[in-house]
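Visitor: Spelled out, the chains give:
Number of protein chains: 2
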Amino acid sequence: MQQLVAFDAGGTSTRAVIMDRTGACLGYGHAGSGNPVSSGIFAVQASLRTALQRAAQQHGQSGSGYSSAIIAMAGSSVQTFGKTFADGLSDLGLQGRVVIESDLLATFFSATYHDQGYALVAGTGAIAARIRAGQLDAVADGMGWLLGDAGSGFWIGHQVVRAVCAALDGRGPKTSLCVPLLAALGIDPDLPPLVQGRAAAAQQLIDAVYELVPVELSQFAPLAFDAVNGSADGVAQDILARAARALSTTLSAVLAPAVIGPLVFGGSILARGSALAAYVEEAAGGSAIRVADGVVGAAVLALRHAGTTIDAEMFARIRRTLADLRSA
Amino acid sequence: MQQLVAFDAGGTSTRAVIMDRTGACLGYGHAGSGNPVSSGIFAVQASLRTALQRAAQQHGQSGSGYSSAIIAMAGSSVQTFGKTFADGLSDLGLQGRVVIESDLLATFFSATYHDQGYALVAGTGAIAARIRAGQLDAVADGMGWLLGDAGSGFWIGHQVVRAVCAALDGRGPKTSLCVPLLAALGIDPDLPPLVQGRAAAAQQLIDAVYELVPVELSQFAPLAFDAVNGSADGVAQDILARAARALSTTLSAVLAPAVIGPLVFGGSILARGSALAAYVEEAAGGSAIRVADGVVGAAVLALRHAGTTIDAEMFARIRRTLADLRSA
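Top line first, the protein sequences correspond to chains F and W. So for the first sequence, UniProt numbering puts the first residue at 1; every next one is plus one. So for the second sequence, UniProt numbering puts the first residue at 1; every next one is plus one.
If you're looking for bench data, these hints aren't it; they were derived computationally from the structure. Heads up, some of the hints might be wrong.
Any copy, or any two copies together, can satisfy a pair, since identical chains are not distinguished.
[As the list claims (entries may be wrong)] The list that follows gives simulated cross-link-like pairs (lysine to any residue, SDA-like), each with its CA atoms no further than 25 Å apart:
1. 174 x 200
2. 174 x 192
3. 174 x 241
4. 174 x 242
5. 174 x 257
6. 174 x 53
7. 174 x 67
8. 174 x 245
9. 174 x 259
10. 174 x 252
11. 174 x 248
12. 174 x 309
13. 174 x 196
14. 174 x 255
15. 174 x 283
16. 174 x 100
17. 174 x 219
18. 174 x 89
19. 174 x 253
20. 174 x 123
21. 174 x 256
Start from the sequences and build out the full structure, keeping to the hints where you can.
Guide: Below you can see the structure in the form of structure tokens.
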């Protein structure tokens, strides 16, 4: 029986799984970044290659002759890099067509074998999707740091830095976010004051942040969660409350009465137990299924593309055999 | 009697004035961009040179042997480029020290000869200053597009684009801003819909905006003013109301009971007759003096640095003689 390959290519790591047509996973491997926008196309191809080699090693087979392959990656990448990408993978032993799929579908199908429902992912970015007949029927946000990603890790980190800037020059309320942010950037908060009418620490903060690529501001999102948990900081509470409302609005934009199905959460901002995630669930009127990555869903997509109908038994087999491989 | 030179170096143009120690302006000239951050240091030196040559031509003298010179430019440039800048101007015939001054002081002293008060400038960026004893005593905001500039042209333009993005995917209310924004970017709003669950026009908008340098979003600020004036668009009204509150907060952050003096407005966003400017004035409890640029203030600063005390008569002479030169 011919084997299939599924890839889940994400910003920080890439995962590959080899399986048969019954949904039994035979080999699993992971490697570095799989986001062509942040890492470049050749780095991603190298990550796919390494992840597949490791999966083949675990499987104990040569790693060639797979009958079909799907690669799940960020939505915008699908359009921009799809063709070039597939062309660069001719050495991977993938017979037949390589299909690029949205990572939103992979997130959704990591939680369910039903072919309709909703996914909300909030990591560095934020995006919601409605899935119908196994396809993306509508998406909201996912427009990147400059135009959208409201409530995302970038958005929260950006608000943290702006709130500290406003606190430092008296435009905004004092906040306990100042100390950990200045510390994270190695700035002494007690520098001699006032250069051209501005506190020296504020000027150093400005200089340090403009050295970063904007999306790197997502690294400061955890400061907001820490400040809420540690000291009930009002400014941090307000930031997270606005993030929760924004994510809820993004999800609401894709809800449709005709589409009934599970709600799936992905991304670190919607992690289990956070008040933010609880707010979004309550506003949506139901509890969400959380997934840590999209590798199960990538496997589901590979089987669907091979013409297999996934039922509860097969979905359970994918999850069980993959979990065994990942803990091996 | 030896002559002085004053430069007002701004983002879109640079102005030079030659004067004597009584405040009588003798020659005026202007040239291109004077912002070293956006144009580069050599381009700015060339603009200063050209502006001064034109001023010397109008004066009908050779253009050398000035006893002192001041250059007013954006605050952050003063620290970053000050020394290198002055070193590169040795061929301008400037005897003695070249002093770099904040453009905020030049804005303030373009409206008044008093040595204390307040300035609020909202163009592409936004910043407020308290002036005491002729110096910057405190500034608020002016932290740039990523960290601050709340209520500025960039900020308004950014909010316009984000509001249109939210309207296009159903996260935000419909707004009449969509049509002019898509038109400004050459995008057909009726493109065949849905690529990967997203409207084609929305995807084209995303692609077009990420091609821009972020500060270029300030070009869309006028769309908000047009939408308020033309169709009382609620989304645009909300954007301008929030801009007004943000600018008012920025100004409030520098107000001090011990400092009584004129309030000076600069920058296109605070232009005469706008509801936005009226809001900020009302919140500050007084009417502002508006200035179109900082050249009068640069002349005042040059005289102050030469040890001259400016009184009402001398200030009137600077304004009158400079206006004559500029209309010549």
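Visitor: Next step is simple, just say for each hint if it's right about the structure.
Guide: These are the hints, each one checked on the structure:
{"no.": "1", "hint": "174 x 200", "verdict": "within (17 Å within a copy, 43 Å between copies)"}
{"no.": "2", "hint": "174 x 192", "verdict": "within (20 Å within a copy, 49 Å between copies)"}
{"no.": "3", "hint": "174 x 241", "verdict": "both (18 Å within a copy, 24 Å between copies)"}
{"no.": "4", "hint": "174 x 242", "verdict": "both (18 Å within a copy, 21 Å between copies)"}
{"no.": "5", "hint": "174 x 257", "verdict": "between (44 Å within a copy, 21 Å between copies)"}
{"no.": "6", "hint": "174 x 53", "verdict": "neither (53 Å within a copy, 50 Å between copies)"}
{"no.": "7", "hint": "174 x 67", "verdict": "neither (60 Å within a copy, 47 Å between copies)"}
{"no.": "8", "hint": "174 x 245", "verdict": "both (23 Å within a copy, 19 Å between copies)"}
{"no.": "9", "hint": "174 x 259", "verdict": "between (45 Å within a copy, 24 Å between copies)"}
{"no.": "10", "hint": "174 x 252", "verdict": "between (33 Å within a copy, 15 Å between copies)"}
{"no.": "11", "hint": "174 x 248", "verdict": "between (28 Å within a copy, 18 Å between copies)"}
{"no.": "12", "hint": "174 x 309", "verdict": "neither (57 Å within a copy, 40 Å between copies)"}
{"no.": "13", "hint": "174 x 196", "verdict": "within (22 Å within a copy, 43 Å between copies)"}
{"no.": "14", "hint": "174 x 255", "verdict": "between (38 Å within a copy, 18 Å between copies)"}
{"no.": "15", "hint": "174 x 283", "verdict": "between (30 Å within a copy, 22 Å between copies)"}
{"no.": "16", "hint": "174 x 100", "verdict": "neither (48 Å within a copy, 33 Å between copies)"}
{"no.": "17", "hint": "174 x 219", "verdict": "within (21 Å within a copy, 33 Å between copies)"}
{"no.": "18", "hint": "174 x 89", "verdict": "neither (53 Å within a copy, 44 Å between copies)"}
{"no.": "19", "hint": "174 x 253", "verdict": "between (35 Å within a copy, 13 Å between copies)"}
{"no.": "20", "hint": "174 x 123", "verdict": "neither (27 Å within a copy, 27 Å between copies)"}
{"no.": "21", "hint": "174 x 256", "verdict": "between (42 Å within a copy, 18 Å between copies)"}
This entry does not satisfy hints 6, 7, 12, 16, 18, 20, going by the numbered hints stated previously.
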